[in-house]
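Asks: These protein sequence lines map, in sequence, to chains A and B.
Sequential numbering from 53 applies to the first sequence in the working numbering.
Sequential numbering from 71 applies to the second sequence in the working numbering.
Each hint can be trusted.
With a straight-line Cα cutoff of 27 Å, these simulated BS3-like cross-link-like pairs (lysine-lysine) come out:
| no. | chain 1 | residue 1 | chain 2 | residue 2 |
| --- | --- | --- | --- | --- |
| 1 | A | Lys-248 | B | Lys-81 |
| 2 | A | Lys-126 | B | Lys-313 |
| 3 | B | Lys-313 | A | Lys-198 |
| 4 | B | Lys-210 | A | Lys-102 |
| 5 | A | Lys-192 | B | Lys-313 |
| 6 | B | Lys-81 | A | Lys-161 |
Which stretches of chain A does chain B cover? Using the computed rule of at least three CB atoms under 8 Å from a CB of chain B, they are:
| no. | region |
| --- | --- |
| 7 | 137-148 |
| 8 | 273-287 |
Over the 10 Å line for every Cβ pair with chain A, so calculated as not near, a few chain B residues:
| no. | residue |
| --- | --- |
| 9 | Ala-125 |
| 10 | Leu-208 |
| 11 | Met-271 |
| 12 | Lys-313 |
Note that these hints are calculated values from the structure, not bench results.
All C-beta atoms, glycine included, are put in the ideal place defined by N, C-alpha and C.
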Amino acid sequence: MSLANALKKAGRFLLAGLPTTAKKTYLALILIFMYAPIIILIVFSFNASKSRANWGGFTLSWYVELAKDPTILKALYNTLTIAALSSAIAVVIGTTAAVGIDAMRGFMKKAALAITNIPVINPDIVTGVSLMVLFIYVLKFIPGLKLGYFTLLLSHVAFNTSYVILSVMPRLRRMDPNLYEAALDLGASPAQGFLKVILPEIAPGVFTGAMLAFTMSLDDFVVSFFTTGSGVSNLSILIYSMARRGVNPKINALSAIMFMAVLILLYLVNLSDSSKAKKAREMGIRNS
Amino acid sequence: MAGKDSVLARKRMAIPFLAWAFIFIVVPIALVVYYSLCIEVDGVMVFSLANYARAFEPIYLKVLWRSVRLALASTAACIIVGYPVAYIMASKEYAQKNLLLFLFLVPMWMNFLLRTYSWLTILENNGLINTFLAFIGLPKMSLLYNSQAVILGMVYNFLPFMILPIHTSLSKMDKSLIEAAEDLGADSRQVFLRLVLPLSMPGVISGITMVFLPAVTTFIISDLLGGAQFMLIGNLIEQQFLKVSNWNFGAAVSVILMILIIASVGIFSIVDKDSDEGALF
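Extracted from the complex, chain B is given alone in its bound form (with noise of 0.2 Å):
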């Protein structure tokens, strides 16, 4: 019996967050549904579908497209030019390695306004690649307010994303599986093939869950490195809420964002788990 009242007594320790979570984490949501299902009329609230009707609408099917293309390009540099940093670290014994793991570490503890705000101040029309063009007599370029300067700004700020879980997939292989490939005559690029580039997949597959997912909600990087007038579906969900004060739109896009967030972490994780069951074989 005293095994039965512990365990009561454990789990009532949770009623403080539960209570909690429902108001702050449940309800909160909730409201967003419900706003998103409802339009005013004379101040008054109306079931009504026309805010998803209005997000289907080909100019937010444009800003939803866009989200979600310029993610996914910085999510593919960040593969191409991360993976690359991942395999040489975990490849070579550098003296110090722990120091270089650290160097790729800091820069995620900076600020991420101020890592963006960087980049303001070298692309500007008098910032330093300007300034330099200048210097060597040509003419100046416009590198700002431009789907480059967004894509660079999310692959400067989530590049340590992607790195770190490759690195830690590859650093935690198993050496004697490699070994055992070389002995029974694969060569290096079998080796890396189909056996180091499968194994690491996991971490690739956390890479792109921690890059994509914050480049395609953000708003800040398009809002600082893309103008005004770039719109991202983040810009739009915030234009929405603060400046034309419509939620109830805003409160569809974001339950549509909320969507898409899930049906992705739902994606990587069943292609998660296919590739652990075929890494094994």
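Just chain A, with the same shape it has in the complex (with noise of 0.2 Å):
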């Protein structure tokens, strides 16, 4: 009997005579209420009026004036240089990072991890006003430098090294502390030893640690806010700053293409998953 059969039986009484049909309505009515705000806000950005009250007739104006827009077009380069150049360093910072606190014992350890934990448990709005406040008051005394783009790029890596640390330690965990020993005593340097043992072991968790640090960046809203100067936005904080001043059309074009970025990027990550699978596989069956 399988695990689903298990607790379909396990679970009569909870919807007891419920025929499947229930079920799967209660699941549609749950996606319904998921996707319905999304893809109205993607047929609006197609209206031709501008007031949500009536249908204008189909343009794609909105799209044109969007690719138009510079302040839009700027906030979109900054989001994604700031996105790869934070997690690239971070990546650095972090991947060292975790080799070490990995090889610490005890009181050294336990601190080392605490702060690395900070970020992530800390609310987003306390690390973006203590990191403000760390900014204005060392910028006062650097004469020319402002909060801005390079404030936003060390906000960004602080929050994002914590991801990168905490996706590789479970990999150094499980990995045999001997290789490297070994490696060392067969002449290899520390150097060597951690390019050529350690990181082909790690390099799954690393490439987690990445990919998690650039969508933290990409989605970033509320550090972003308090640690940017005034002319230096993001998306979200274009969004925000055109949100509240009402719903604007543009807005819907810019969900729109944002959304579909995201399915067709979700979808060349699911395929180059299920291709390395099916190489895993085949893999399998030749070795057998």
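Put the two chains together into one complex, using the hints given.
Replies: See the structure below:
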């Protein structure tokens, strides 16, 4: 008997007598709740009338305006470059840090892990204001430097690094520590030992951490909101300031594009995953 | 000796991060604590507990209580709506189970602000619902800028965070336990209440953490769907830092929020341990 069947039996009381259609209807209703707002958003991005009350005919003019809007294009550029740069820096600092913390024992290890966990547990808004206070405090002594792109980048690295460390640590724990020792005994330098022995073993964790850091940075609003200066926005900040002034069809067009981008990205990731799995299966067959 | 050297070499690799973390994690929080314990008198910082005393004035206690209440209400709503979803998905062998799970995941990848904004377009006075009401001849309703709209926004944004951990713990469950319970004469009601539900508690607990924490600290949902007058603890912090520039009071509220979060994480982890033990016996 499969788990699903067992659970089905177990759950008979909860949905007693309810036909499968009832369960399906419930799932469908929740999915409608999840997707209706997004679909409505996308549909109205093609509405020629600026009002939501009536349908003024099909148009692509909001997309055209979007593509011509220099602030939106600049915000898109900032979002993507900060996500790429901050996750790259976080991967370097975070991976080396994970290797170091893994070698620690006792109080040192506990303290290092506690500090790593702070940005994850701390509310975004507290992370945001605390970094803002730091930047304003320090920048007072450095004339010519202002809140902006650079402080935004530093803040993103500040919270991203923890996610990389937390993704790499489990991989390191599973690794045989003797491998590294053996490499050093056979004459490898610590740097060679790291690059040729440790890194290949933990690569999947590093990759997960990089992806996590990249998406966290892409999606971040709160920390960015507090640590950026006037004139420098990412997409989230821009959407916020536009949305506060009320409904704006340009945001609808932007959401439609972002939603499609997410779908395509997820589809590609899924595709590469399943082709990898297929390859793995073929290898397994060949080996056996 | 080589072993000792290599361990030392490895430990050294954490130095850049520790230096970084000191500057960008430890110092900023220390600064916030410092500001919270000071007031500015004639441009000079003086030690004072006045900020904390002010935070416990009735008007601010009300804000704190409203934040906790709304976050609890949305967490409860997420459990009530989300548990059956996770349960049905885990119990039923749908032909495209992975696709179904994927469908619940996709909205999480959508920008958080856009998800909130989408409700603005539905609930506003000229929005979809009111247009429909006018169309069938009913009076318009004021759907936006109240606590219900804020709770709706929270549930909409955080529901996947409740469904996924519950689904994970339900799918990982050892099926032989259920068979054993049935062989020993438990009816399906007993199996659910005394076996499935307790075993899924770790998922429920992590769902609660993942919904309650962002809900209690949000200031976007309350700002967009609750209106400018709607004040949660996150809005209070934002207002003090960015609008009225009273860093000292804002810092005190931030410290209180931090303590609230650490306390709830602590409570959840204790409850989690208990449920783990309880689940086995």
